[in-house]
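Based on these hints, arrange chains Y and P on the given structure of chain G.
In order, the protein sequences belong to chains G, Y and P.
In terms of the numbering used here, the first sequence opens at residue 15 and continues consecutively.
In terms of the numbering used here, the second sequence opens at residue 5 and continues consecutively.
In terms of the numbering used here, the third sequence opens at residue 7 and continues consecutively.
None of these hints come from the bench; they were simulated from the model.
Source: prediction; values computed, not measured.
Fair warning: there could be bad hints in the mix.
Calculated pairs, PhoX-like style, for lysine-lysine (alpha carbon to alpha carbon, straight line, at most 25 Å) [what the hints assert, rightly or not]:
id: 1; chain 1: P; residue 1: K95; chain 2: Y; residue 2: K456
id: 2; chain 1: Y; residue 1: K586; chain 2: Y; residue 2: K632
id: 3; chain 1: G; residue 1: K67; chain 2: Y; residue 2: K332
id: 4; chain 1: Y; residue 1: K477; chain 2: Y; residue 2: K370
id: 5; chain 1: G; residue 1: K103; chain 2: G; residue 2: K140
id: 6; chain 1: G; residue 1: K67; chain 2: P; residue 2: K95
id: 7; chain 1: G; residue 1: K164; chain 2: P; residue 2: K282
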Amino acid sequence: MAKVVVDAMAMQRALTRITYEIIEHNKGIDGLVILGIKTRGVYLAQRIASRLKQLENASVPVGELDVTQYRDDIEHDSQDTDPQVTVSKIDFPVTDKKVILVDDVLYTGRTIRAAMSAIMDLGRPKQINLAVLVDRGHRELPIRADFVGKNIPSSQQERIKVSVSEIDGHDSVEIIER
Amino acid sequence: MDTEIQKILIIGGGPTEIGHETELDAACVQIMQAFKKQGIRSLLIDNNPFSASLEDVQPTNMFIQAVTADNVQRIIEKEQPDAILPTVGGVTAISVIQELQENGVLADNNVKTLGIPADAMMDINNPDRLNDVMRNVGVPVIASETIGTLDEAVNVANDIGYPVIVKPIAPKIDTNRMLCENETDMISAVSRGLSWSRFKQCVIEQSIVGYKEIELVSMRDTMGTQVLIAGLENIDPIGIHSGDSMVVTPTLTLSNAEYESLRDTAFAINNQFRFTGVVHTHFALRADGESYYVTKVTPYNDRGTSLAACATGYPIAYVAANLYLNQKLTDVRLPDIYHFRQTALLEPSLDHVVVRIPLWPFEDVKSADRHLSTVMKSVGSTIGIGRSTEEAILKALRSSQFSPQDELPSMSDLTDSQIISQLIHPLSSRILILLEALRRGYQVDELNELTKIDQFYFVKLKHILEIEQDIRKHPMSVDALHEGRYYGFGDGMIARMWQTDIDNVRQLGQDNHISPTYKGIEPSAGELLGTPTGYYSTFELENESQQLSDKTVLVLGRGGNQLGPNASADYFTTEMLKQLRKSGYQTVIMNTNPNAGSLTATLTDKQIIDPVQLGDIMNVIAIEHPVKIFVPGNRHYLTRELRRRDYSISILPPDQEKRSELLSDHANIGLDLFVTEGHIVPILASDLRSDQGIATTLDQITLMRTPASLTPQQLDAIIAHAKSYIGAHKRTGMVQMLYTTNGKKEPQFAGVRPTRLTTIAYLNKVTGINWVRMLVRQALGEIDEELISKLAVDIHSDRRSQVRGTFPFKQLQLPDQLGLTTQEVGARISFETL
Amino acid sequence: MAQRFLILEDGSIYPGHGFGAGATTTGEIVFNTSMLGYQEIVTNQIYHNQIIVFSQPIVGSIGIAHDAYESILPTAKGMVVRDVTDISKNRQRSLSLDQFLKQHNIPGISGIDTRHLIRQINQTGTIKGSIVDVADDHAFDQLHATVLTSQQVAQVATPRPYPNPNQGYNVVVIDFGLKHGILRQLSKRDCNVTVLPWDASAQDVINLDPDGVLLSTGPGSPLDLPESVLDMIRTIQERIPLFAIGLGHELFALANGSEITKLKLSHHGANHPIRKVITNEIIYAMESQEYVVDPDSVDRDRLITTYLDIIDGSIQGLRHRDYPAFSVQFFPDGAPGPNDSVDLFDEFIEIMGTRE
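Chain G extracted, bound-state conformation (with noise of 0.2 Å):
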């Protein structure tokens, strides 16, 4: 049983809110990085920074991030490590700069570690921020979202859908009960 949480237009709306809302927090967007964690992240990443750029008129890097290697939750074996879908691209400094981490599901807060270390790697920022599309709560680490889509109070049977028209042909998140 899936049942649409958000459809299309109210996933518009939350990213148009959550730009908004960066650009209050930021006062303004100098100094700001986007950073995409792979997958669905990274299409968010972009459109969040597509409305920066048609409302301030001036581009915000958008980088890629993937976290596989940084997971403490996943065994490390060699097919983790193939090249192509471990690599983050990310072809400016992130040291100073202010980054806005870009996640679709904000759950127990792993990834979100992983990819703060990720970051740390690349160099240091001057504060990082956490955008995300959904949060559902269950954290297991002192980890909280800055600015939220929506928040979806879900139980651990559960699991959440987000559907990203680049990749899957539409806009939706969905709760799907196992």
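Frame of chain G, contents of chains Y and P only:
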């Protein structure tokens, strides 16, 4: 912009028939203009000899072939187009593309379909799948089920309950919905429907007869930007095919909330299917406005989109063409004549009313059943534009009656029981009956109950009758004349009511300054200033139409489409207009057919949509002072009256009835010639046949083919005879000499007649010379020795070709029969190389 | 129908037929190019002091509907139309437009070449006019002598607070002459609404502990309202999510340092494409404005331009850089007009949601 696309195969509309006339061709012309501007090569397949689009493509890009999947496949394989365009080919094109999609031809040859994505293509004329999509979008749908056999049909219909509607799935012809009151009706409808369906399937659904039928026309680009162009309101309820219904735009009896929710739904459907270009969405609305259904989605050009374009001045087909090429609505640039830079994005707002009234084939096909139903029967339509509903209705009505002196027929002979019966079971004379019923004192609510037509329209019709009474009671009264003209009564009608000459009526108007004021047809309702090219007249304060130039030609159109020669009349008018412009004249066209290519804004300098009647014409003349007026040959009264007033007129298209000199009622060989003072140019000798073989009378000749069955000696003999005959008899223009042959004997002369309009179109295609333009140049005095000597006509060519009339019998549910020239609804042309 | 006249300040006289009330009135002549919704238009309080010219060829054809009022006591000064149809067919208590206008003492005049009138106003700019029985010198003297009030908001806005209870977010609506569409949309989203008079102070608002504040539409010039209104807005926007529409938008802009200019020609229509800057989407909405935010005056360190009219380039939406406060010039509630932007109310709800 999509730069991948360089070459596009356009599927033409094929022969005109009940369901579509010139609107597809007119849209095609505009689309090709837009493509040309983008540097794209258009290929066109069509076998309609009256296609103006075929005139606009290079011979190497022209495929005069029937629109079938096989033919299209062959062209695709040979020409390797980048894309294929199904949106000006009606349902046939949709059906052909579906087939090519299923058998993989499009994918194998890497051909992209423009406008309609592949999955949408499979859904749009499958009511069952359409309903599934509707449910996804959250749109209410009607209870329905798909069936493949009569037994299933009986069961399903019993479940749903009569009356039910039967619709064939993926029909090969433009059908709509067939209403069945009982099992017998249903079985007959299903049998027909199954035979029309490509999948041998029909849908049976709950009847929504009596609901209000509303249509929306919208545009969408690949980014998802959408513009609503127009809302069309059917005056007649569901139960009468929308093509046979009187239609009004803008919608006049909807609340804002109703209208906006239909708009939201149409847009949601367009997004769901990812259509690009123009979409025509049909809705059925319960009279109380509480609920509605989507009944049909046509993401291509049709009579609805052409009405919307005509009513708003928004160049739908031209804009759509740009959208097919992935251009954004925000970026579309219109031709210079559109003065509003942002027209493509401005949602048209109207300050006038447009009414469309259908035209019928029944005068020419007497045996057909004249009852209106869910199966379309009309062959054309005509519109009236006014600042009030009354004015628009009256103008449309006047144009729909083809009365030479601009009068309306009387229904006063009918008995009361006939009136009641016709109110409940409407005939093609629908609107005249409604007027007659009101005249006899039927009440508005009562009529609303009987007909399901909104009260509003009866209030308006009643007002028309009141004004009529007023005019009658006050002969030669200035106030009555003013009121009459203000509400759309023609000078001819008023003259008749006052039992006086039209000149007296016009003099009264002139003496008292009751002058026509032309209003622009443009999409901003006067908010943005600019100079539109389209106008209609009314009688108010401000006139916006000024004289174009001192070298203007006024061309009178043939009005709405009908059976017989009219099928080619608009093609003829279009070609005339092209030549006139080429000859250096400013052109003004008067016409009332919303589907006419001759009303395309880029073709002429000014378009006037008013009844083509004496009073209205004189009004245009008073402003434009044309140096010449072209009058269609069938308008004898007009010709006489305009001549009497010393205007310089030319009769084109030529008169088809007059000046035939026949020795016999039979002929099997025709020789067409172009005749000027001093020159006789034989064009083509052909066999003349009926649709079913030998013709016993001339009016059965609806098929021509070449080469003629003549020996070289016989051919030489008839050419010699024709030359000497014509030399002796004073005749110019296009003439057809008729002969009968019997074996190798000398052909017998049977008579001479003007070349038929349909034949002229055929001659154009066969010889590659545009004889319409030659006739225009003749009328303008441009024919000289040099021009004649350049005409490369090969009368001895052995190229095989054939033109054959098509008839509406099947759609009128009549048995197949021998068709007459007056019954032709269209024609198909074919070539074969020996 | 009796002959009556529409006369304009520039001396022009338009004869027509009277309908509705027989009163003589004077107002600013404005035109509306919507094709539907005459009832919603004539009941909108933004037309206080104004005579509305309808470009739609026919009004009255569906009577008066119980669910299409935008105010209870309309204050428009008149309707000018080409044609009016006297029909009533709504529910048990049916009412025609003619009867409705009589009830509210609003005169109408039909049989006018409205297209010509609109094209003329287009050139002269906004102009005063009267609907009168006799178009004589006296009538023109009266017309010239009439001074229209600038206290328009005070005349149409509620003098005292009233509630519209529900279970959802607690929203305070400041009434500058609001259209019902705003309440309808909040109600649809379960908001617990309190409507406060236009001169409510920031403290009055804060005392109600709202999740969000909405500044409503209304008539006239934002410059005619006292500075205290702008103070209220500046205080509120720092603390509570704010959504402003129409006159509310103009006040929001003023409160944040922008300037407002009067349009040479007021604009009322629903067919202009509007670009939503953040996504480049095109939407359509009912625009009804006499004033516009001067784009050169917008302090870009405080405000972001969010919506732009593509036809005339006017600013149609703003958002504060530092606070969750935003505004639109057009009417996102439709009534009449497209629903394309109705989800601005959802945006407002979602912003309130993030503040929990």
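Comparing the hints with the structure gives:
For the proposed pair K95(P) and K456(Y), the alpha carbon gap of about 14 Å is at most 25 Å, so the pair holds. Of the supplied pair hints, the one linking K586(Y) and K632(Y) holds, its CA atoms being roughly 15 Å apart against a limit of 25 Å. Straight-line distance between C-alpha atoms of K67(G) and K332(Y) comes to about 20 Å, which keeps the hinted pair within the 25 Å bound. Pair hint K477(Y) plus K370(Y) does not hold up; C-alpha atoms about 38 Å apart against a cutoff of 25 Å.
With a C-alpha separation of about 20 Å, the suggested pair K103(G) and K140(G) falls inside the 25 Å cut-off, and the hint holds. The suggested pairing of K67(G) with K95(P) is violated, with an alpha-carbon distance near 52 Å, which exceeds 25 Å. For the hint pairing K164(G) with K282(P), the CA-to-CA distance comes to about 22 Å; that is within 25 Å, so the pair holds.
The structure shown violates the earlier hints numbered 4, 6.
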